[in-house]
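**Q** Chain by chain, the residues run as shown.
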Amino acid sequence: MAAVTRLSLLVLLLVGALVAPAFAQDGERIRGQLTAEGEGVPDVTITVSLDGEPVGTGVSDAEGEWFVDLPGPATYEVTIDVDTLPEGVQLRNPDRTTLEIRVGEGATATALFALGEREEVGPILLQRIAQNTVNGLKFGLIIGMTAIGLSLIFGTTGLINFAHGDMVSMGAFIAFFFNAVLGLHLILSALIAVIVGAVIAGAIDRGIWHPLRRRRVGLISMLVVSIGLAFVIRHVILFYFGGSRRPYRDYTLQTGIELGPIRLQPVEMWVMGLSVVILIAVALMLTRTKLGKGMRAVADNRDLAESSGINVERVVLSVWILGGGLATIGGIFLGMIESVDYLMGFRLLLLMFAGVILGGLGTAYGAMLGSLLVGLVSELSTVWFSSQVKYVWALAVLIIILLVRPQGLLGQKERIG
Amino acid sequence: MGTVIFFDALRTAIGPTAAAYALLAVGLNMHFGYTGLLNFGQVGFMLVGAYGVAITVATFGGPLWLGVLVGIAGAVVLALILGIPTLRLRADYLAITTIAAAEILRFITRTSGSEPVTGGVFGLRQFAGGFYALNPIPPGSYLGPLSISHGRLWTMIVGWGLVAVFTLLLWALMRSPWGRIIRSIREDEDAARSLGKNVFYYKMQSLVLGGVIGAVGGAVFAVSLQTVQPDTFLPQVTFFAFAILILGGTATWIGPIIGALIFWFVIAGMQSALRRLSDAGQLPEFFGSQAVGATTLTFVGLLLMLLMIFRPQGMFGNKREMQLDVK
Numbered sequence: 001m002a003a004v005t006r007l008s009l010l011v012l013l014l015v016g017a018l019v020a021p022a023f024a025q026d027g028e029r030i031r032g033q034l035t036a037e038g039e040g041v042p043d044v045t046i047t048v049s050l051d052g053e054p055v056g057t058g059v060s061d062a063e064g065e066w067f068v069d070l071p072g073p074a075t076y077e078v079t080i081d082v083d084t085l086p087e088g089v090q091l092r093n094p095d096r097t098t099l100e101i102r103v104g105e106g107a108t109a110t111a112l113f114a115l116g117e118r119e120e121v122g123p124i125l126l127q128r129i130a131q132n133t134v135n136g137l138k139f140g141l142i143i144g145m146t147a148i149g150l151s152l153i154f155g156t157t158g159l160i161n162f163a164h165g166d167m168v169s170m171g172a173f174i175a176f177f178f179n180a181v182l183g184l185h186l187i188l189s190a191l192i193a194v195i196v197g198a199v200i201a202g203a204i205d206r207g208i209w210h211p212l213r214r215r216r217v218g219l220i221s222m223l224v225v226s227i228g229l230a231f232v233i234r235h236v237i238l239f240y241f242g243g244s245r246r247p248y249r250d251y252t253l254q255t256g257i258e259l260g261p262i263r264l265q266p267v268e269m270w271v272m273g274l275s276v277v278i279l280i281a282v283a284l285m286l287t288r289t290k291l292g293k294g295m296r297a298v299a300d301n302r303d304l305a306e307s308s309g310i311n312v313e314r315v316v317l318s319v320w321i322l323g324g325g326l327a328t329i330g331g332i333f334l335g336m337i338e339s340v341d342y343l344m345g346f347r348l349l350l351l352m353f354a355g356v357i358l359g360g361l362g363t364a365y366g367a368m369l370g371s372l373l374v375g376l377v378s379e380l381s382t383v384w385f386s387s388q389v390k391y392v393w394a395l396a397v398l399i400i401i402l403l404v405r406p407q408g409l410l411g412q413k414e415r416i417g
Numbered sequence: 418m419g420t421v422i423f424f425d426a427l428r429t430a431i432g433p434t435a436a437a438y439a440l441l442a443v444g445l446n447m448h449f450g451y452t453g454l455l456n457f458g459q460v461g462f463m464l465v466g467a468y469g470v471a472i473t474v475a476t477f478g479g480p481l482w483l484g485v486l487v488g489i490a491g492a493v494v495l496a497l498i499l500g501i502p503t504l505r506l507r508a509d510y511l512a513i514t515t516i517a518a519a520e521i522l523r524f525i526t527r528t529s530g531s532e533p534v535t536g537g538v539f540g541l542r543q544f545a546g547g548f549y550a551l552n553p554i555p556p557g558s559y560l561g562p563l564s565i566s567h568g569r570l571w572t573m574i575v576g577w578g579l580v581a582v583f584t585l586l587l588w589a590l591m592r593s594p595w596g597r598i599i600r601s602i603r604e605d606e607d608a609a610r611s612l613g614k615n616v617f618y619y620k621m622q623s624l625v626l627g628g629v630i631g632a633v634g635g636a637v638f639a640v641s642l643q644t645v646q647p648d649t650f651l652p653q654v655t656f657f658a659f660a661i662l663i664l665g666g667t668a669t670w671i672g673p674i675i676g677a678l679i680f681w682f683v684i685a686g687m688q689s690a691l692r693r694l695s696d697a698g699q700l701p702e703f704f705g706s707q708a709v710g711a712t713t714l715t716f717v718g719l720l721l722m723l724l725m726i727f728r729p730q731g732m733f734g735n736k737r738e739m740q741l742d743v744k
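So the sequence lines, in the order shown, correspond to chains A and V.
Here the first sequence is numbered in my numbering, starting from 1 and rising by one per residue.
Here the second sequence is numbered in my numbering, starting from 418 and rising by one per residue.
If you are wondering where the hints come from, they were derived from the structure by calculation, not from laboratory data.
The model shown is predicted, which means the values in this text are computed figures rather than measured ones.
Treat the hints with care, as some may be off.
Here are the in silico distance ranges between beta carbons for each label pair [as the list claims (entries may be wrong)]:
hint, chain 1, residue 1, chain 2, residue 2, range
1, A, 306, V, 605, 24 to 30 Å
2, V, 586, A, 400, 30 to 36 Å
3, V, 611, A, 130, 54 to 60 Å
4, A, 273, V, 671, 57 to 63 Å
5, A, 276, V, 671, 52 to 58 Å
Idealized CB from N, CA, C, for every residue including glycine.
Take these sequences, add in the hints, and give me the full structure.
**A** Spelled out as structure tokens, the structure:
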């Protein structure tokens, strides 16, 4: 393989060697589990502070479990962020948002927050539909941003990039490294991460895919190679950052703002607004610039594009760089509204597939449209069904669309046969 | 320490888990190797086979043989549901649909709503008693330094016996007229179609057969572990099976067996070595159990990439059989 890949892998390993010791898991820890009606309550932020100074934050996982590693034995204040509790879940005693917990040498202490019944208030159904629609749009915008790259890579090279989800996690963790480990502000970390993510994606194309295309390796073989690459990225992240969910350092403890029937944190509004701006910018880039037109031309008909003088390999490289940058932004946004963990991208990958196929494989606008619908379907399903199976509905949409209209909403028929 | 690691590795390589993975790979060989179907959801068939046994016996109190039949029937139904929408489309659509379907099955088995039947995230246990009651091997420790218990030896014999049976079945099928049509579909679907063969029909038969073999692998897996939990059926299991198949040699009868032996020997050897080094304090402090797992899985990823790039035919394969492409 080319030197570039080796170099980028080396950089990853070196960066990791600096990080890993920071996350050694022996020592003091506070943990707990949040449950309501026997089900775990995920994505709740809990802050641990010592004498008013925050020392760490934890986010509960799908089972409601969370933990925070501590700098040493002491009495800590453990605060639950009630705004991150899902709709209708409240503390049984609303005044007990902060607990004092004494942690001995090398011990793991447990902090228990008792959650009460899900209280249904007001004209609940309409309100929940409104809130979930907004959540669905928020989620769909993020899926869409990451899915454009997946779709354009497929369109220009025919490769279904199974490593795309892990490029999302990689981007989120590059930002996490600069933000939480080196202590830079999240905005600065995000800007650096986007550049690094885009460069790594370009290096992956030059180092792995370009040589394979030159050797005329079959597409199925390349697909299996992309799975191998996904494994490598995912587990290098696991090796250096561990398997738990971690929040970024900035914009985590925000109060939701009521907007009529819905409630949103400012960070969520920013994420949604920026996503819309970025998606419009990408759409303009694709229609107005020479490079963007080249991308669409190659995606539409590679041979025709090549014979009309477009440098196809350069266009493909730009698609990878664009896709890598967008995947990184998507990963950071997802990390900002939820948390980062090494499987976040893989979970997103299947939803990206659903969005891309729903919209039409190989089209950029189809990817945006399909992803928004997938986001809406999965979030709106929680109004009527358990949130544990919300992805099932999105994946079911994928299978139904293949039955009814396999080319997708905006796809062309000859692509599929 | 070297001999200890060697015996650790050998114990896993010939163990029942390796046999279960060999069955998954035999099924994938039917799909991917012979027919050119890209099934990325083999773990879904495995889940159906494992839960078929566990639910029938542990939840409903039925006999074990019925559980195996339920698992096989479930695999047939799953193959039909997956095949009808996707087998007429390009190979990569099947890939995405199967991986999605396997995840749907895992999500559904682990929700609290299905806990009365599947046991939710806790899974099910106490369903394998009927199998161990049939064990004809007298209690004791076998195979010298490997010190394998009589129960484990019994599952190994049955597991590898099933691998032999299905390997033989595929070997015979691939030499029949049916097998020639299957392979001609892989080589050139349109040519097969223009000879008047119903390509969809043959692909569906291949999907069902390979899926059933995967389900039998799932049953072996469940019985040998004596417990099922939804989160053991992650998508990566399918990719382990792919690594095994490609390592041994795609579209060869011996490939899945050799692949499973070598794959598990290397993986178990690596894990044992890393763990022992870590316990002996010879690795950096942060190299905990999570890092051992992560290192091994990174290695699997590299193995898959390098094999596919430099030796796609695996150890015993014929390069001419591995020129698959999306048509």
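**Q** Indicate, hint by hint, whether the structure satisfies it.
**A** Hint check:
1. Checked against the given bound of 24 to 30 Å, the beta carbons of residue 306 (chain A) and residue 605 (chain V), roughly 26 Å apart, stay inside it.
2. At about 35 Å, the beta-carbon gap between residue 586 (chain V) and residue 400 (chain A) stays in the expected band of 30 to 36 Å.
3. Roughly 56 Å separates the CB atoms of residue 611 (chain V) and residue 130 (chain A), a value that falls within the hinted 54 to 60 Å.
4. Range check, residue 273 (chain A) to residue 671 (chain V): about 59 Å between beta-carbon atoms, so the 57 to 63 Å window is met.
5. The hint said 52 to 58 Å for the Cβ distance between residue 276 (chain A) and residue 671 (chain V), and at roughly 56 Å that hint holds.
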